[in-house]
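Q: Take a look at the letters that make up each chain.
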Amino acid sequence: MAGVELRQLHRRFGEVVALAGIDLDITSGEFVSFLGPSGCGKTTALRLVAGFDQPTAGQVLIEGKDVTGVPPNRRDIGMVFQAYSLFPNMTAVRNVEFGLRVRKQGHDERRNRAVELLELVGLADAADRYPHQLSGGMQQRVALARALAIEPRLLLLDEPLSALDAKVRVQLREEIRRIQTRLGITTIYVTHDQEEALSISDRVAVLSQGRIEQIGTPAEIYGAPATPFVAEFVGTMNRVESTVSDPDAGAVDYDGVHLPVDAARGRTRGERVMVLVRPEIVSVEAAGTADGALAGEVVSHTFLGSVTRLRVLAGRSEWTADISGERAAALPVGSHVQVSFPAASAKLLSLEASSASRAATPGGR
Amino acid sequence: MTPRRRIAPSAVIWLLFGAAYFLIPLLASLLVSLRDDQTAKCCTLGNYGYILHDHQFWSTIRLSFIVALETIFLTLLLLVPTVYWVHLKVPRLRPLIGFLALVPFVVAPIILVVGLLDVYRGTPQWFYGEPYGFLTAAYVILAFPYMYFSLDTGFRSIDVHTLTEASQSLGAGWPTTLFRVILPNIRAAALAGSFLTLAIVMGEYTIASLAQFNVFSVYVQYVNQNKGYPAAAVTLLAFAITWAAMLALAAVGRGRRMAPVAEGAR
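Residue numbers (the numbering used here), protein chains in the order written: chain A, 1 to 365; chain B, 1 to 266.
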């Protein structure tokens, strides 16, 4: 069953196009993230769903009902905000009770429900504390409990973890997912943090310049980016422009070097393409050890914990490769190396098609 | 254990200087008020008795107090929703309203009252001829800057947008959001504006005198002109009563005590 449907959602702020026609169906109980950089329109889209803003054109449907003109207080949605939004004059438990009080529930009933939800977010002990007596992470947990207390049809989360430190962020996002799965509530999560979006969502919608660039499962978004923007924005990606040199065997020509790429099979000879290779599948060997590889020079090492990131200047581009620390130690900065990747793992994007399909849109929120 | 913070000697000197600046005139007034009105000898409470037994004292102070409450009520009624709306929807109007709020400082009360008497001429007698109508309307203008800047500071100290949207997302309409979420969080600012308004109304003389309303400040002036020592007594009584009124307002404004807070808070 459709939880939320967005139909040709447009929003303009004067001359600025914040949303340039978004279409999206979210199934009931699904967890969908809007991912994109600042100004891509993700928060605008969420605010239109919440009812805090009105679309210039298009419709928002919740559970099949058109709610486009319905004020936010009648949409039956729960929302957690980026800024700390607990009411400073109320204790945690009274914050959680607020929505039920508005719905004129009896004292005992709403108190029981509030305590139950505080238990769900692990804050039963903090019920009588005021927001200023809670840490940022605790405040967002209470905000989540408050949003869930009214048993909303839809839960909206607007970058709820962005003000928290890294450890709490990881902890809380897992908790959000656990609670969402347990309650089976349709959820839209807005974030600019790709790791966050990929780790907790059923599907991720990547937005850029007011449009959805790609929507898919985290694995699809990461493994098969549909546009150069998605390839660049989600994870680290080596992107090299080249031309298809052998559509039969599957190879491209890059800087005069013949690189085998399976995805080049069946394409037009001479077609301009972008080869996409994740750093973890790039292999770097000492010069003279591999055939059919790009010759280059190591320009930097960055220690990332489990791996070391090497930057290698090869031909016209700088390549990024994540290799084990042990192997990286054998290839110090300045050493001559050869870069290669498995032909089956590289993706191709046609530059001719993608550049034609992307209409120029001024940046929005 | 945190070490006790030392107060710098220079701070103590400035504090004493400040206290002396305010307390010496009060002390002098007290000493004068204790002298006998006929013999000028110390010390008697006769001047206080005289004032407290003067029915004019009680009727004028009652009138001023009611006008002050009326002014506070009207100013809050006008300005709380206005400032809320400006902060929420049209923040670019803030400088303009700030500028308008300065007008009562620029226009002297004596000019204001002449203008108001002229503007309101022809209005019903219950308004034009009564302090509860005309004077209150004038005092709302005088209180505008004090109340506006207090409220503006209060609204700036909270995240109006997020609190409003959080409240709405939980199903609350505008009245619930205003009364249950916004007002409790700007209460200190509203109280500060109310104190200032009360103090201004209790002490305003020019408008009341020229509009010929016998309010407390006019009475004080009358006593000052006609009785030497009781004038000091009435000044001190006015001071004490204004402070008592402010404390009463603070007690009413503070409302219920906050719920007990669990221990071990961060």
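You may find that some hints are simply not true.
[Said to hold, decoys possible] Simulated DEER-style distance windows between Cβ atoms:
1) Asn-112/A with Leu-26/B: 55 to 65 Å
2) Ala-108/B with Asp-66/A: 52 to 62 Å
3) Arg-187/B with Ala-224/A: 28 to 38 Å
4) Val-103/B with Ser-199/A: 19 to 29 Å
5) Asn-112/A with Phe-179/B: 46 to 56 Å
[To be verified] When the alpha-carbon atoms are kept at most 30 Å apart in a straight line, the in silico DSS-like pairs for lysine-lysine are as follows:
6) Lys-65/A with Lys-104/A
7) Lys-104/A with Lys-89/B
8) Lys-65/A with Lys-89/B
9) Lys-227/B with Lys-41/B
[Said to hold, decoys possible] So these bits of chain A aren't anywhere near chain B, every CB distance computed over 10 Å:
10) Asn-89
11) Gln-194
12) Thr-320
Don't read these hints as lab results, they were simulated from the structure.
Where is the CB? At the ideal position from N, CA and C, for every residue including glycine.
Q: Hint by hint, say whether it matches the structure.
A: Going down the list of hints, with the structure as the test:
1. Asn-112/A with Leu-26/B: 55 to 65 Å: At roughly 57 Å between Cβ atoms, Leu-26/B and Asn-112/A fall inside 55 to 65 Å, so the hint holds.
2. Ala-108/B with Asp-66/A: 52 to 62 Å: holds, 59 Å
3. Arg-187/B with Ala-224/A: 28 to 38 Å: The hinted range 28 to 38 Å is violated for Arg-187/B and Ala-224/A, with Cβ atoms some 56 Å apart.
4. Val-103/B with Ser-199/A: 19 to 29 Å: Check failed, 57 Å falls outside 19 to 29 Å.
5. Asn-112/A with Phe-179/B: 46 to 56 Å: violated, 26 Å
6. Lys-65/A with Lys-104/A: Given pair Lys-65/A, Lys-104/A holds - Cα atoms ~25 Å apart, limit 30 Å.
7. Lys-104/A with Lys-89/B: Holds, at roughly 29 Å.
8. Lys-65/A with Lys-89/B: holds, 29 Å
9. Lys-227/B with Lys-41/B: holds, 15 Å
10. Asn-89: violated, 4 Å
11. Gln-194: It holds; Gln-194/A is separated from chain B by about 25 Å at its closest Cβ, greater than 10 Å.
12. Thr-320: Holds: least Cβ distance 39 Å, greater than 10 Å.
Checked against the numbered hints above, the structure violates hints 3, 4, 5 and 10; every other hint is satisfied.
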